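Q: Produce the complete structure using the sequences and hints provided.
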Amino acid sequence: MSLAKLAKRTAQVARGVQDGIRQAFRGKVAATQSGEPIQRVQVQGLADETLQDVEQLQQFGFTSHAPTGSEMIVLPLGGDTTHGIVIASEHGSFRVKNLQGGEVAVYDQSGSSIVLKQGRLIEMDCDNLVIRASQKVRIDSPLVEASAQVLAKGQITGQNGLAISGGEGGDAVRIEGSLKTTGDVVAGDISVQQHTHPGDSGGTTGAAQ
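Every position in the sequence shown, counted from 1, becomes a number in my numbering once 867 is added.
No lab work stands behind these hints: they were computed from the structure.
Careful, some of the hints might be misleading.
[Claimed, not checked] With a Cα cut of at most 25 Å, we get these calculated PhoX-like pairs of lysine-lysine: (1) 1047 / 1020; (2) 1003 / 895; (3) 1020 / 1003.
[As the list claims (entries may be wrong)] Beta-carbon label-pair distances, calculated as ranges: (4) 960 / 1042: 47 to 53 Å; (5) 987 / 1026: 26 to 32 Å; (6) 1033 / 966: 39 to 45 Å; (7) 898 / 998: 16 to 22 Å; (8) 974 / 924: 19 to 25 Å.
Since this is a predicted model, take the numbers as computed values, not measurements.
Note that the Cβ used here is the ideal one computed from N, Cα and C, for glycine as well.
A: Printed below as a string of structure tokens:
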């Protein structure tokens, strides 16, 4: 056999082998089993092709349950469709859009999101935020600001004083229940402990006891 014929035959064999090896392809999520050690999905492939129990590999420390209809990339290991794995997923309807260069977002189907924005700003958007910490939560910042009411169901302890100013309408401070203090209380210029009253026989009474 001449070299030309050998080269042609080799090329034909190579094409035949390549045709038998499936490349990565796109599909859509039909169902998800998120309770498994490795999440598995049912994928609708090409021409009504359905792949069952396809492993969806995700980065350690991060996991997501993509909604039905999400786009996925399936990589057949060794070119074998029956040994495919999902290596990427996307759903354009819910993705956080218009990020600036270098920004990162974590989001879900309901619209909740955490966006790491330019300028060292982290923006969280949700209806309810729950933090569960069995020991304590520490915020190391010169200022903590709330735009509305703050409710504490336990004791509030302050170690460096307390300053309260009134807003628009209403009292600056309203206390329902008794107030106990180990020091004096001054209202305006009047001291609870040191103030006096005119005496019945002239003069003034002594300080409060």
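Q: Each of the hints needs a verdict: does it hold here or not?
A: A quick look at each hint next to the structure:
1. 1047 / 1020: Holds, at roughly 19 Å.
2. 1003 / 895: violated (43 Å)
3. 1020 / 1003: With Cα atoms ~15 Å apart, residue 1020 and residue 1003 stay inside 25 Å; holds.
4. 960 / 1042: 47 to 53 Å: holds (51 Å)
5. 987 / 1026: 26 to 32 Å: With a Cβ separation near 29 Å, residue 987 and residue 1026 satisfy 26 to 32 Å, so the hint holds.
6. 1033 / 966: 39 to 45 Å: Distance hint for residue 1033, residue 966 holds at roughly 41 Å.
7. 898 / 998: 16 to 22 Å: violated (33 Å)
8. 974 / 924: 19 to 25 Å: Taking Cβ atoms as reference, residue 974 and residue 924 lie about 21 Å apart, which means the hint holds.
This entry does not satisfy hints 2 and 7, going by the numbered hints stated previously.
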